Each structure stands twice: as structure tokens, then as C-alpha cells.
Amino acid sequence: MPRKPLVILVVEDETLLLQAIVKKLQMSGVEPVSAVSGRQAIDYLNALPKLPDGIWLDYYLKDMDGLEFMEELKKNPAWANIPVMVVTNSASPEKAHRMLALGAKGYMVKSDYRLEKVVEEMKKIV
Amino acid sequence: MAVGNMFVVAVLALVRWRLWKITKQLNQRLAETEEDRARDEAMMGSLGEGLVVLDTEGKIMRMNLMAQSLMGWTQEEVVGRKWDDVAPLETEDGHRIGAEKRATKRVLTSGKAISNDKNYYVRRDGKKFPVGTTAAPIIFGDKVIGVIAVFRDITREKYVDRAKSEFVSLASHQLRTPLSSIKWFAEMLLTGDAGQMTGEQKQFVENIAQSNERMIELVNGLLNISRIESGRIIVDPEPTDLGQLVRELATELEKKIKDKNINLVISVADGMQKVNIDPKLIRQVYMNLLTNSIKYTQPAGRVVVFISVKGGEVVSQVSDNGYGIPKREQARVFTKFYRGENVVKLETDGTGLGLYLVKAIVESSGGRIWFESEEGKGTAFWFTLPLAGVAAKKGEVTLS
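Protein sequences appear in the order of chains A and B. Take 1 as the starting number for the first sequence in this note's numbering and just add one per residue. Take 1001 as the starting number for the second sequence in this note's numbering and just add one per residue.
One chain only, chain B, in its complex shape (with noise of 0.2 angstroms):
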């Protein structure tokens, strides 16, 4: 009997030990679980940018420290508000937009994150400040469960993008105005406006006006470059027939062609429909796309644009079998200022502005572009447009 007893003593001592251990070891948990937390919550609290989570009625669940300072409200103040209410959004021109139209609404249905830098918040002081917001949805297993948004004031980007401006206006004007004065005289001495001038110094003024010529062409590609970037480009589709498009460019480089003997070949699929592009913006990828392989192809070379449609694009094609562009550098092409260290020595015009240029508008008109290359061979690019077609940007400025 009492081995019996001693037996239950001991099991339940056992249990006794295993409770105490589960318990101890759920504390210990517990306090992990709660230092987690805690550390999540410093974390977002620390958070340089402003974060606010809403569940799907566009209500406040949370808002970390920055949102409360940069709104001017405390977190208890709003908490079950409405985010349209507590943090009016407004057009630059002061205009209110609609709960119905804010990321924060549009992402519960587009189901992915949305992004915007046009517009301002209204605090709740009722100062405005410049916002730059990304809203993106929350997803729970497979449902939507709210809305997280992070946002920050953009006030010196802004600044920094007004003083791009600026210095666009100042290198158009300020800069044209010597590089006119220097081109208008050179013509004038080399027309003989000012008497006859000898062989060698009439080469000489046409080595200035060369070279002139070129720092208007870098001066103009540095603008057209500044106003892309600044996304101020206005974007004007109209339906395009991008054969006749091409066609056009070559009677244009006519000469070019001819004085190197090009044997230039455009071929067009059949049935190609046209396509609302802004043909101002595209004609500028097709002229140096073009222009790049007249001159960087030997004399009596061939060039080859070949338009057709695949998928829900229509893929354009500009190769020739010129020098080619050194393996090593590929990586490089459309970065600003790079030119080819085999082509430098052989063709001395040319700013390095070009394909980055090409690159640009190809990718704001919501394509992509790609090439192959090998030295001695040739190159090829390719760029694609959405056979769609680009929307139209209402913008400030159009390249020249």
C-alpha cells in the first residue's frame, strides 16, 4: 500500500513539475511574444515616414508617430475615424479629391500598391504640405483585411525640382544666347559677309563652328534630357503610322545615307495597323536609333528597321553590321555621356546623350528596350510600344 501511495506522490509530482515547466515555458513565450510587439511598435514608431493602417472602410486602426506629428493629430484622437476626414487630400490647385478616387480606396480593389507625388494633405491646422504617399493593400491568407499606407512630406523635392527647372530655363536661354552669337559669326565669316578669308582660315572658322555646333546639340540634349526626367513631358497620341513615320526619317537623313553608301532597308509587317503614340516623342527613337547606325557602320553598310507586331506590342527593330559595341561596355549604353571607346576616334560628333534619350521616352510611353552587339559585327535594338497605345500627359514641355 504504501509503495502504492509512493507511486502517486511521485506521478503527481511529475505533473506538478511538467504544469510548472509548460507554465513557465508559455510565460516565457508570452513575454517574447510581448517584446515582439513592443519592438515592431518602436520600430514603426521610429519610423522616419509617416504610416497609417486602415481596416477596409477607409477607418484609422493605427498611426505611428511620425503620421500623428506630420497630420497634427494623436493617435486616440482618430483612431475609428475616417482617414479621408482626418487627412484631406487636395490637388495643387486646392482642389478636394474624393474618398472615392484616394490610393487608400483604389488599392482595396486593384489589390496592389499605388503610388503618387502630385498632391497635398491638409493638416489639422489646415496648413498643406506636398505629399508623396505609396498605399498598398493588406492581404490576410487571401483577403483584403485593410489598407496600409505610408506617406512623407516632399516639400524639398519639390524645391529641388523647381530649382531643375530654373537651371533648364537659365542653360536655354543663357547658354543659347553666346552659342548663337559664335554660330551667327562663324557663318558670317565663312559667307564672306566680313571679305574672303584663306584656305587656312576659313578651315579654322569652320573647326569653330563645328565644334559649336556641337555644344548646341549637347546643350539641347541636356534639356530634352532634364525635361523627361522631370516627367513635365507632354505626351500628345495621336494614331500613327509608324512605317510612313520611318520612311519620312529617311528622306530626312537622305544625304547622310548617301554619303556613306548605306544600303538602308525598312520593312513594315503587313496588315500593321496604326498606333496612338505621340509621333513627335517616338520619331525622336527611330532618328537616333537611325542615326546611330549610318554612323557607326563602315561605308556601303547596311541598316535594317524592321516594324512588327508580337503579343500585344508592336516590337521595332533598327540594326546594321557596323562596328559593334565592345562586350565590356554593354552594360554602360544607356548611361548618360558613354560612347563606344572603338567609335570615339572614328567619329568624333556625338554627345553620349542619345540612347539614354531613346531610353527614356521608350519607357515613359510604356515600353521596353533592348539590344545585342558584337564588335566587328554590328548591333541590334529593339524597342517595343503597347500596341494600345500610351495615354496623353497634359505636361509643360516638349523636347526640341
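Isolated chain A, as found in the complex (with noise of 0.2 angstroms):
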């Protein structure tokens, strides 16, 4: 039986981005889902059949940052679980600090880094 391919959840809100975060997690065999802001993240966090392995969550969304989207996380204990890599452009240290305090596994700058290793450090979380 082959094996299921990963799932990330990934919320970005700025669509070229996503457009290529979603591709290069497609070739790298990762099944991506994707959502466009953080109240979207939540909608398919309640609907889908099964939770996704991971979180990819850009922190500055247009309907919440990411303090609030992992106390939204924290109040589901079945979601409270779910590895975050926190993928942004703010590299203030008191935000990683801060997320990384309340649970997120990774903190990376999108400019500082390819894709590819972004993909490959997501995938080391999950």
C-alpha cells in the first residue's frame, strides 16, 4: 500500500505566494491545502475529514496575526497538536520568541531562505 502523501495546511494571504508555496509543495509530494486567511485556516481546520499534519502560517494575515491564530489553535485541544512553521517577512526576534513560546515549531524569513529548504524544514516538523 503506498503511503499517504503529508498534508499541510498552509495560510498565506498574499496569493503569488501561496501559487508558489502550493506548487512546491505539490512536487516535493506534499498535499497541500490552502487558505487565504486566518478565519479560512480555522473553516477547513473544522470541516476536514482528517487534520492536516502541519501548519505553514504566515504571520502578519489580513484577519488575524499569528499571536491569535495559535490561541484559536490552543482552544481545541485536537488542534493544539498540529506542528506550525511560522513562514514570514517580520523577523522581529520578540515575535518569533513569542511564537515559539506558545508552540510553534519553526520561526523562517521568507526572503532569507529558498523554497526548497522551507519545504524541507516543514517537512522535518511534522
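Bear in mind the hints are in silico, worked out from the structure with no lab data behind them. Keep in mind that a hint or two might mislead.
Chain A regions said to be covered by chain B (calculated; three or more residues, Cβ under 8 angstroms) [stated by the list, open to error]:
no.: 1; region: 4–18
no.: 2; region: 21–28
no.: 3; region: 110–124
For clarity, every value in this text was computed on a predicted model and none was experimentally measured. Positions of the beta carbon are idealized from the N, C-alpha and C atoms, including for glycine.
Two chains, two separate frames, one set of hints: put the complex together.
Listed below in C-alpha cells is the structure:
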């Protein structure tokens, strides 16, 4: 029986970046589910038949920021354990510390890494 | 007899005339002094900054018009009262700063001027304003006889500072987003995720990717500069082995060193102890100086790092036998966006921000930086760090 592909929920409100991420994840054998807002991501978590193996989270979303999104995840014990990788363009160490303290498994600055590298790191944490 | 009388009268007249002359001169001097005093008074009164003069007990002796208007008190009301009661000083979060800790008190013992722009004055009506102050001891003969302080409302500076921080955040988020998009799509094209390209197509996309990396470097460089200029940088010192720090950097730069076949020599003086500095900041200094030396030295050239102790300082030297800096440009080396005329054609890579940042980091760590260079022969940079280490600073941001 072939192994089931990893499912990653990608939360990114920049559609061009989302397009690149989705394509790269597919190319590397991951099944992406894309959400363009925090709200949409929460709705998906409620509606998906199976929870994703990991969440790729942009820090600044139009409807909420990373901290608020993590709070939402914490509200549901089933969601609280999904590994989250924050992929953002805000390099503030304070934000990174707070996100890691809230349980995020990684914090990467988009423009500093190749997409391939972010996908690789994402695979490591799930 | 008549002759004798006449003589006495003449002498008396002469004395009287002398006395009259002296009195006239004295009056004139007095008038001049009065005028000088009035002029000084007018100057102090018209000074655009608040000015207050205190005695050694911190009691107000004089206050100029601007000081009266900034604080909401008249001079008559406050002369003889404690400055600490008339102008309470608070931190940003509203904590009162005790009289003992105020610059106006501390200068009495330090004997040197102290400036500060972090606190707030509370006016007579209870309103607060951010204040920039400089207090200095008044030294007469060799005795301190009081304190003179100038201060101004820095609300506008604070506003500009905030606007700058907002720009930094705008730059970090808004500019990096399209840059990431270009970076990632170019990467996918180059790795063949959208099919194979012809040789020339690949070359063109590589050019786009390369230019984009340069833009990312520029944004990062500008962000770092605006962070360090804002004074909000976190300084987190820890005992650091500088030799090891440099050797680690050399490993990181191994590819560049090998590609150019550079002979890198790292030498650390015997018995060199650990220095209490922020390794993340000082790493940037060595990193910039080393990459510059490697970049601006011809293949098979030589780069030397030498770390030693002199007096109370650690002196680091980073030198090369590379292209050198033209004499006429040497005064501009530490300015923003400076790149040597002789090297821009040879090395297109580079933002011109590195040495500006290096200088800012070294100076904010209590050190100095200087260089010597000759075109065609090479360049040597030296920078110092206090052997006693640097003080920790809470701050808000780090360099990326």
C-alpha cells in the first residue's frame, strides 16, 4: 500500500506566494490545503475529514496575526498538537520568541531562505 | 604767600578734576557692566531652550523664560525651591525618578556634563512631555558651585523616531513580500519545476535571481542601519572567545576563500581572555571586514586577522594585500552607500552599507575603528573593544 502523502495546511494571504508554496509542496510529494486567511484556515480545520499533519503559517494575515491564530489553535485540544511553522517576513526576534513560546516549531524569514529549504524544514517538523 | 595759596588751589583743582574723571570712568564701567548683564539676561531669556541654574543643594537660582513657559512656573514663584519638586522627572511608564538619580544631582559628583533624552518632565498643570536634557556642573576656580541645565521638549523628535520605526516595519514586511515572490518563482524556474529552459533563458533568470538577492541584501542592510541608528538594538553581552568567533566565520566563508584561493591567516595573542561582548553584533563586524577583504583582494591574495590586547582594549586587525582604497576617497569609507571607484567595476556585488554598519556597531560597543590603505597594495582595518566588556542593553530589536 503506498504511503499516504503528508497534508500541510498553508495559511498565506499573498496569493502569488501561496501559488509558489502550493506548487513546491506538490512537487515534493506533499498535499497542500491552501487558506488565504486565518478565518478560512480555522473553518478548514473544522471541516476537514482528517486534520493536517502540519500548518505553514504566515505571521501577518489580513484578519488576524500569528499570535491570535495560535490562540485559536489552543482552544481546541485536537488542534493544539498540530506542528506549526511560522514563515514570515517580519524578522522581529520578539515575535519569533512569542510564537515559539506559544508552541510553534519553527520561525523562518521568507526572503532569507530558498523555498526548497523551507519545505525541507517543514517536512522535518511534521 | 599768594604764590603758595595759588599752588594749593591748583593742586586741589587738579585732585578734584582727577576725582571727577575717575568717577566718570567708574560710572561708565558700571553702566557697561549693567548693559553686559542686561545683554546676558536677554540672551538667556531669548534662548530657545529651557535653562535653569541650581545651587549645590539642587535649589533653583535662575530660570529663563523658555524654562518658565515649558514648566508653567514663573521664576519668582520657584527661586529657592528644589528643582526636583518643581520639575518632577518620570520614566516613559510613569515612574518618578528620585532626586539622587537625576543628572542635576549626579553631575555634582561626576564633574562632567550628562545628557539624557529618555525621560519626561511633569509640568505645573500635571501634563507630561518628553524631554532632552544636558546638565553640567558650574565650576568656579576649582570648586563646583552649582549646576546649569538646558532642556527642550522633544515631542517632535519622538514622533519622527516613531515614524522611522513604522517605516522599518513597512520596509521589512511590504518590501520583503514581493522580493520573496521573485526569489521563490525564480528558484522554481531554475530548478526546472516548470519545465526545462534553454541555456540563455536559464542565464536570464539567474540574472534576475542575482539582482533580487542584492535587493534583499539592501533591504536587510537598511533595516539593520535604521535599527542601530534608532538606538533600540538589544545588546546581550556574554564572555566570548574572539579567536573562536573568527575561526567559525572562516569556516562559514570557506567556499569564498577557496574559490579565490585566498591565504587566510588568523592569529590571536597568547593568553587572550574571553571578552564580555555581544557575539551576534561583533560577529557582524568581523564578517563585514573579512568578506570585504576577500572580495577586494585578487585571487591567491593574503588576508590576515590579528587579535591582541593593548592597554585596556582588545585590538583586532583585519588586513589584506588587495586592491586598496584610492586616497581621494578615503574620507568617505564609512559613509552610507560608499563603494570604491576602483572596485565597483570588478565586483558588482555589494551594497555600500557594510562599513557604515561596522562603525556604528563598534562605536556603540565603546570601541574605535580606523584604517590605512594604499591603492594596489592593500588595506588594513583596526577596531578596538573595551577589555572590560560592554554593558547589556534591553532594547527591542536585533540585527538580521
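Which of the listed hints are not met by the structure? none
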